[in-house]
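Asker: For the protein sequence lines, the chains are Y and B, in the order given. Reminder that position 214 of the first sequence reads as 214 in the numbering used here, one-by-one numbering, no gaps. Reminder that position 59 of the second sequence reads as 59 in the numbering used here, one-by-one numbering, no gaps.
Mixed in with the good hints there might be a few duds.
Heads up, the list lumps identical chains together, so a pair's fine if it works in one copy or across two of them.
What the hints assert, rightly or not - Derived lysine-lysine pairs resembling DSSO-like cross-links, with alpha carbons at most 27 Å apart:
| # | residue 1 | residue 2 |
| --- | --- | --- |
| 1 | Lys-71 | Lys-55 |
| 2 | Lys-254 | Lys-320 |
| 3 | Lys-180 | Lys-282 |
| 4 | Lys-135 | Lys-70 |
| 5 | Lys-70 | Lys-207 |
| 6 | Lys-155 | Lys-254 |
| 7 | Lys-71 | Lys-254 |
| 8 | Lys-214 | Lys-2 |
| 9 | Lys-2 | Lys-244 |
| 10 | Lys-55 | Lys-155 |
| 11 | Lys-244 | Lys-70 |
Calculated directly from the structure, the hints in this document are not laboratory data.
2 protein chains.
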Amino acid sequence: MKQGNRYGLHRVLEPVGTMPQPAWRIDNTMDLYSNEILLDVETLNIDSASFVQIKEAESGDQERIGEHMKKIVAERGKHHNPVTGSGGMLIGTVRAVGVELAGHIDLQPGDRIATLVSLSLTPLTIDEITHMDVKTGQVSIKGQAILFESGLYAKLPEGIPDRIALAVLDVCGAPAQTEKLVQEGHTVVVLGAGGKSGTMVLCQARKSAGPTGKIIAVEYGEAGCERLRELGWADEVLNLDCTKPVDVLQAVEKATSGRMADVTINCVNIPNTEMASILATKDEGTVYFFSMATSFTAAALGAEGVGKDVQMIIGNGYTKGHAEMSLNLLRESEQLQAIFEAKYQ
Amino acid sequence: MKQGNRYGLHRVLEPVGTMPQPAWRIDNTMDLYSNEILLDVETLNIDSASFVQIKEAESGDQERIGEHMKKIVAERGKHHNPVTGSGGMLIGTVRAVGVELAGHIDLQPGDRIATLVSLSLTPLTIDEITHMDVKTGQVSIKGQAILFESGLYAKLPEGIPDRIALAVLDVCGAPAQTEKLVQEGHTVVVLGAGGKSGTMVLCQARKSAGPTGKIIAVEYGEAGCERLRELGWADEVLNLDCTKPVDVLQAVEKATSGRMADVTINCVNIPNTEMASILATKDEGTVYFFSMATSFTAAALGAEGVGKDVQMIIGNGYTKGHAEMSLNLLRESEQLQAIFEAKYQ
Numbered sequence: 001m002k003q004g005n006r007y008g009l010h011r012v013l014e015p016v017g018t019m020p021q022p023a024w025r026i027d028n029t030m031d032l033y034s035n036e037i038l039l040d041v042e043t044l045n046i047d048s049a050s051f052v053q054i055k056e057a058e059s060g061d062q063e064r065i066g067e068h069m070k071k072i073v074a075e076r077g078k079h080h081n082p083v084t085g086s087g088g089m090l091i092g093t094v095r096a097v098g099v100e101l102a103g104h105i106d107l108q109p110g111d112r113i114a115t116l117v118s119l120s121l122t123p124l125t126i127d128e129i130t131h132m133d134v135k136t137g138q139v140s141i142k143g144q145a146i147l148f149e150s151g152l153y154a155k156l157p158e159g160i161p162d163r164i165a166l167a168v169l170d171v172c173g174a175p176a177q178t179e180k181l182v183q184e185g186h187t188v189v190v191l192g193a194g195g196k197s198g199t200m201v202l203c204q205a206r207k208s209a210g211p212t213g214k215i216i217a218v219e220y221g222e223a224g225c226e227r228l229r230e231l232g233w234a235d236e237v238l239n240l241d242c243t244k245p246v247d248v249l250q251a252v253e254k255a256t257s258g259r260m261a262d263v264t265i266n267c268v269n270i271p272n273t274e275m276a277s278i279l280a281t282k283d284e285g286t287v288y289f290f291s292m293a294t295s296f297t298a299a300a301l302g303a304e305g306v307g308k309d310v311q312m313i314i315g316n317g318y319t320k321g322h323a324e325m326s327l328n329l330l331r332e333s334e335q336l337q338a339i340f341e342a343k344y345q
Numbered sequence: 001m002k003q004g005n006r007y008g009l010h011r012v013l014e015p016v017g018t019m020p021q022p023a024w025r026i027d028n029t030m031d032l033y034s035n036e037i038l039l040d041v042e043t044l045n046i047d048s049a050s051f052v053q054i055k056e057a058e059s060g061d062q063e064r065i066g067e068h069m070k071k072i073v074a075e076r077g078k079h080h081n082p083v084t085g086s087g088g089m090l091i092g093t094v095r096a097v098g099v100e101l102a103g104h105i106d107l108q109p110g111d112r113i114a115t116l117v118s119l120s121l122t123p124l125t126i127d128e129i130t131h132m133d134v135k136t137g138q139v140s141i142k143g144q145a146i147l148f149e150s151g152l153y154a155k156l157p158e159g160i161p162d163r164i165a166l167a168v169l170d171v172c173g174a175p176a177q178t179e180k181l182v183q184e185g186h187t188v189v190v191l192g193a194g195g196k197s198g199t200m201v202l203c204q205a206r207k208s209a210g211p212t213g214k215i216i217a218v219e220y221g222e223a224g225c226e227r228l229r230e231l232g233w234a235d236e237v238l239n240l241d242c243t244k245p246v247d248v249l250q251a252v253e254k255a256t257s258g259r260m261a262d263v264t265i266n267c268v269n270i271p272n273t274e275m276a277s278i279l280a281t282k283d284e285g286t287v288y289f290f291s292m293a294t295s296f297t298a299a300a301l302g303a304e305g306v307g308k309d310v311q312m313i314i315g316n317g318y319t320k321g322h323a324e325m326s327l328n329l330l331r332e333s334e335q336l337q338a339i340f341e342a343k344y345q
């Protein structure tokens, strides 16, 4: 068995010398290196921004979406959407553990795991698409994948159905970062609060800000807003299009009597919402961009363009203990469980 | 005189309802609104990432670079490079102040100012390009520009030549943010330390980290490294290509005995340096991306892909007092003055 690099460099085909994530194409042959883990894939959970883009490009046609996905994997060796730059996650069963890792990690052939690294760097093959949920971007396949030595994973937890665990783990960085950022008494604006990451962020923001905090949820569409109102986690729920920064500015001004947010968390899965996030935030406040549709330059130049002194953070999908923290949040909240059960069963 | 919106919304042509920066096209007719400032432009200071891209696209041909710039402005109403998404800044003379602002701000017709908002949102016309420095991206033109009510500017300071002041003000966010982030005793890695923002960041990092701190400068090419060694601000100067993350990882490991950086500041003006920044940084350290060539998804997914718990910050071109702070840094340091004088005279 050949020995590979810890970070998967041995799989990079082009450009040579880059890491697997930024690489255009990686080697997805399923011959195992001695420090890799081979998985039989069951479910792909495509990143929301990526799946929306593919769905729109294929006019929602399920068969064409499948072909589009297969084409990405055939071209790049990974499900790395070239338009959005994002990936997603997967559930699979361990088929083999490389000899160098066997005995040193807590995995055995037969264990069922969720990968906590992006599909945008995971060698993948798709033999067949067996089921697709076009609402959620969860796609059942027959295929295989490789996990590198540095790759994070979580064994699937007891008492939580797989699909729900995967959905939670896919966004577990967002509530975990929320826990780090939001302090008691903070005013927090959550943009895109009705989506998967948004809902978990909202739940955690309420918990972290406490009864003296003020939580403002922004969602587009009256139905989504009504669902958020029923949850009762937000002090105010605003029905707004986040690509219209001036609308968001004026509504948050009104809701906070002009004080604006200490922390704004962007979970919107469409582009052009950077400025709404910046304008909603007070000077010296923090904007946390979890949306993969965020443009670096739009954020950087946007803040400068309106002379706003805010700290803008790139959402890191990983922070220590993020998987356990998010699964515990789910276990604690029956409402959150009900939402995920309704969405992913 | 018509009244315009504080943020310049009245100039947005498409898509309607967006802010001037993300807009594809803005209105660059030079009829002044009552809350705008009209400028006669002397010098454009094109953002480094943008100018490098244009220069490469036109094989370094000065005439073609000029045509390329004019085409961008003709198409978009602003010098907003569609490839890099970035802009730059300008020096000009106040031609007229809208009636609503006159008397309420410290500007009079005839004052010479530098704009501190990006060219990517500034209505601009170029009648003629009169001089171009292809090394620095400073371009003298005949033309006009509009500053919105929210637009930041600095009157050109006494005792510092215009072109030098403009060069400093263009990147003044970077040293100002460095001052906020770097604490005494920190280990700091500056990627792209030989460039304009990199040099100022390096100077400030040395000052903020003090004698107990460790400053590591990374630059590509032996000549640039030698210049940095002569400055004496860095404890180590490493000659490395930052698009090769593994090289950077190994060199910083060696220089820090495996401890890695508390703060890594990325000032590299080419793409694909996100991973080098992440790998150079210790767990729970901070990566500050000042480079406009940064990809949001490459950073977010890159950190997750290698399981690295770092805080990643989007460089905000504006923070309170950034202009004064940077000009003072220049005044304090004869070495910095000498560098800017050599480069921009």
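Asker: Check each numbered hint from earlier against the structure, then list the numbers of those it violates in ascending order.
Answerer: Hints 5, 6, 7, 8, 10, 11 contradicted; others consistent.
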